[in-house]
Amino acid sequence: MQEVVIAGYLRTAQSRSRPRDPGRDWFYQLRADEMLAEVLPELIQRIGLDPAQIDDFIVGCATGVGEQWAYGGRTPIFLANLPETIPAKFVDQQCGSAMAGIHIGYMEITTGNADVVMVGGMEHMTRVPMGHTTNERGLIAPNLQLFLDPKYQSWDMMTSMNMGLTAEKLFAQTDFSKKDMDQWAVRSHQLAAQAQEAGFFEGEILPLEAPQADGSLLSVKTDQAVRGETKLEDLEGLRPAFKKDGVITAGVSSPLNAAATGMILMSRQRAEQMGIKPLAAIRAIGFAGVHPSIMGAGPVPASKKALAMLGMQASQIDYWEINEAFAIVALNCIAELGLDPDTVNVMGGGLALGHPLGATGNRLVGTLARILEAKEARWGCANACVGGGQGVATIIERL
Amino acid sequence: MKTEYQTVKVELDKGLAVVRMDNPPVNQMSDYFLEELFQAVREALAAGEVSAIILTGTGKSFIAGADLTQVVKLKDRSEILPKLMAIHEFLREVESAPKPVIAAINGNCLGGGLEVAMSCHYRIAAPGMSLGLPEVKLGLLPGSGGTQRLPRLIGLPEALTLMTTGRFIKTEKAFSLGLVDEVAEPEALVEAGKRAAAKFASRMLNLSARVASQGFSRLPSAAEKADLMEMARATARATAKNYLAPFKIIEAVSRGLSTDFWQDIEREAQLFCDCLLSGIAQNLIGIFLNERATGRLPRIQGMEPKRPKKVAMLGGGVMGSGIVHLLLGAGLETVLWDINDQALAHGLKLLHKTYAYQLKKGKLRQDQLDQLLAAKLTTTSKLEDLGEVDLIIEAVLEDMEVKQDIWKKLENICRPEVVFGTNTSALPISEMAGVLDDPGRMIGLHFFNPAERMPLLEIICGQKTSDQTLATAVAFGRQIKKVPVVVNDGPGFYVSRQLMGLMGGAISLLADGVDLAQMEKALTDFGLPMGPFTLFDLTGIDINYHVEKTFERELGPRYQVHPLSEAVYQLGDYGRKTGAGFLDYSHKEPVPNPRVVEMVERYRQDNGVQPRQAEEREIVDLMLAMAINEAALMMEQGICDRPADMDLAMIYGAGFPPYRGGVLRYADSWGLAMVHDKLKELEAKYGPRFAPAELLGTMAQEGKTFYQS
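Just so you know, the protein sequences line up as chains Z and R, in that order. Per my numbering: the first sequence = residues 1 to 399. Per my numbering: the second sequence = residues 400 to 1108.
Honestly, I wouldn't trust all of these hints.
Claimed, not checked - Lysine-lysine pairs mimicking DSSO-like chemistry, simulated, CA-CA at most 30 angstroms apart:
| # | chain 1 | residue 1 | chain 2 | residue 2 |
| --- | --- | --- | --- | --- |
| 1 | Z | Lys243 | R | Lys598 |
| 2 | R | Lys474 | R | Lys498 |
| 3 | Z | Lys169 | R | Lys598 |
| 4 | R | Lys413 | R | Lys474 |
Stated by the list, open to error - Computed from the model, here is a short list of chain Z residues facing chain R with C-beta under 8 angstroms:
| # | residue |
| --- | --- |
| 5 | Arg20 |
| 6 | Gly23 |
| 7 | Gln29 |
| 8 | Arg31 |
| 9 | Gly48 |
| 10 | Ala52 |
| 11 | Arg127 |
| 12 | Val128 |
| 13 | Gly199 |
| 14 | Gly203 |
| 15 | Ile205 |
| 16 | Pro207 |
| 17 | Glu209 |
| 18 | Pro211 |
Bear in mind the hints are in silico, worked out from the structure with no lab data behind them. Backbone N, C-alpha and C fix where the C-beta goes; we use that ideal spot for every residue, glycine too.
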């Protein structure tokens, strides 16, 4: 088995998407594939790689319809004018899409089928929104039997297709309070803002020139949804967003975002030959299924599977990057895996930084690798819940 | 809540308001109708008992567009803008209503009609209906939000194509584009509307997600848009350089589709004014309105035309086969006659050729064609077999005796009320009719080649043609979907003589040292499909010469053939058919024919003329002045007296550029006094061919124009 290392990681900032008010999204006039086509060549160039040596390209995206349909992953290659010899795959594992890309790349390299794999992630939630528009245009059309036929009742699709309702259901199964979630959200914004201020994210964000509604060009280099001034009282006053007597508010849900992310994986041997200092090595991957109506529980079994591959305990992991699709997802993970909250999302999480669905996987693993480097720590685990009832996890080790 | 209006009826049914638009004939958006529609919808929006509104039409249309008779009268921005803004305010209220407004598209949904439908929250259409934004064809842009809503609904590439071509699409295509949400049979439209209303009620359909002006997900990125606009501009420059509207549409889109919808709408309204106030739109709308009135002569008003069911076509040549194609297309039983079986077989071969395009494009299948021919077409070489037909069209050899011989025989075979139409392009109708006992039944039906495609039918009355015969001929023209223009008998009738009058001046300029290629370019830049010398070569220099000789003989000294024309004819290079005329066609691109060049040079030397460069203006002015003069002369001589019909005849029969409005509209915009002065100047320089018609002099003096408004 070849060892697999992360040779490079780069992303755009994560803008805040507003499908009903597009002009407020910094990236509203850029397509996700165009953004990705900016990231990839820069990433390749920064690590000094000859693009002809890339053996595979895998792009993750959760809503691969409309303009995010990518011809099997080839259009980002074309838009970036990269060599035709790079094959491509388009992967949809919903919020785990880019991490699925890492997983596939990891498997391709460990088995010796590839030496260099580039993983992309893209999602533009203003231009290709979730929900009604895509649904009503027929761009997505889930089988109606799942909603209507009693024999499928147990899937509880009305809940399972609405992420907010799955979070309500998960919350109901835990001992956490609404205030716990609000506090976690405040923490996320504060940590993210501190990290921004310290310039931590500058090391992973490629600034993009984006045309704005007033005709000006804005150089976008920070994540748009971070609000360091967020206070507990602000969040406590918010109304439930998904059901009348619910507890899940917009404040404890990740925002909608647009971003493109990129990562290059290599066999350790190739990296050494090229004189590249890897960010980290990938040591184990995990994926698991749970009931779709509590999809937020998915990271727990996925992380356990990855840990089991290495015969490790959760307590041996120095830092965790848990995708904050909702505050309750991170809290549930901490409780179920018995984690020290101070090791989780130390630079802020998805509630503040954002969660551009299919692009998030690279951000989680990439940022985690940079945290290990910054903290001079050894082990890290990144995980995410996945709509439809799944979890994905990746364990990395700083070399 | 008021339910009965003159042009709108509202039916209330369990919380549902069905608003039926009924402004015959096509639910055009006349002021009084809009007023009632706005009120009816507003009351339904305000009524507490109404939870959803279904908007539909009666008859063959949902809304077929603006009332052009009203639009064309708007002469000022300050008149146009308030009208547009009133519509926008209404559409904004519909879009932002708290209850669904559902368009049940029962018929044609065009222009403003589609713009109304696009502001509704849901669109259901009956199969096979036409939808589109045809404004560009009238020199306009969709001015009720079309340029901003259509791209948001179906994406920019498709929207641009629809708007810049004005092409219609059928319901089925509109459905696949996402312009129509659902297709339902006409009688089930309202029911489907009710089901949709229920879906809104149960939140299966989301009202705010269906507001077209807020739609964003189909708009291109900034970079995509820049590329698309560049391409659209290049296409417009290549295909519509003399027009205005395509460029204004592109501008509305290019500067629009922003986050500020209402600012984009205001810009669209200003651009609409730019279009409407331009001469181009005025000309194109004029043509559109006049087309409906062609052939409606006072002398046949109120007469009941005979409606032929069975028609005989004499002669299966190129024209004959094209006309048979038309007759079959109109569902008429057709008999093709020719002198023998061999000629008939040739005619059928030519007929099949006229269907080649439709077959190739899959618009017609071979078995359908075979079926059509078997059901509707018979052939014969015996005139005696034509006793049953209701109308005869003749396109045999252009020989007076041959034709007269046939007509004489037919007079004994056909019933007395059967109309005899001759497709001669040069022989006098009155003379031809002279052999008949009843010359009143004969009329000229002048088709243009290719008959199955050219939209004009020039109808020529002989001196004795009866009103009944004329009424039948006009109705027949409409039946076979031609624009029927009626003129009186005279050499070249109207179109051929007018075309000679338009192109003939080129010889004077050539003799005066002006470069041939320069004239070709001046006239194609003006918008004509080809320059004068290309046309002479195409028609045949010999044919032209004979026509000129006829004019000289019949119309007097003004028409004396130009010595240079005479010389070119004597050279014997007759044009394309001989491989060379003014131009030599033996190369990849036509080049000046050295034999003609040499001859022209010699002619110029003999007359002490130096070759010279002329301004495009000089060329166009000379040729148009002569054309206008010819039209005035023909009016004086009683060949024709309806300026609108004359202009349409030149647009549809000779390719005169529509945006110029026609020869006489051009004259009006030039100013008849200016035209008169120009002709005086040309007369002094080039002789009596250019002497202004008396009519022009009087009109110029009295400050009159050819068109009354």
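Verification of the hints:
no.: 1; hint: Lys243(Z) x Lys598(R); in the structure: holds (20 angstroms)
no.: 2; hint: Lys474(R) x Lys498(R); in the structure: violated (38 angstroms)
no.: 3; hint: Lys169(Z) x Lys598(R); in the structure: holds (27 angstroms)
no.: 4; hint: Lys413(R) x Lys474(R); in the structure: violated (46 angstroms)
no.: 5; hint: Arg20; in the structure: holds (7 angstroms)
no.: 6; hint: Gly23; in the structure: holds (3 angstroms)
no.: 7; hint: Gln29; in the structure: holds (4 angstroms)
no.: 8; hint: Arg31; in the structure: holds (4 angstroms)
no.: 9; hint: Gly48; in the structure: violated (28 angstroms)
no.: 10; hint: Ala52; in the structure: violated (26 angstroms)
no.: 11; hint: Arg127; in the structure: holds (6 angstroms)
no.: 12; hint: Val128; in the structure: holds (6 angstroms)
no.: 13; hint: Gly199; in the structure: violated (29 angstroms)
no.: 14; hint: Gly203; in the structure: violated (27 angstroms)
no.: 15; hint: Ile205; in the structure: violated (20 angstroms)
no.: 16; hint: Pro207; in the structure: violated (17 angstroms)
no.: 17; hint: Glu209; in the structure: violated (10 angstroms)
no.: 18; hint: Pro211; in the structure: holds (5 angstroms)
Checked against the numbered hints given earlier, this structure breaks hints 2, 4, 9, 10, 13, 14, 15, 16, 17; the rest are met.
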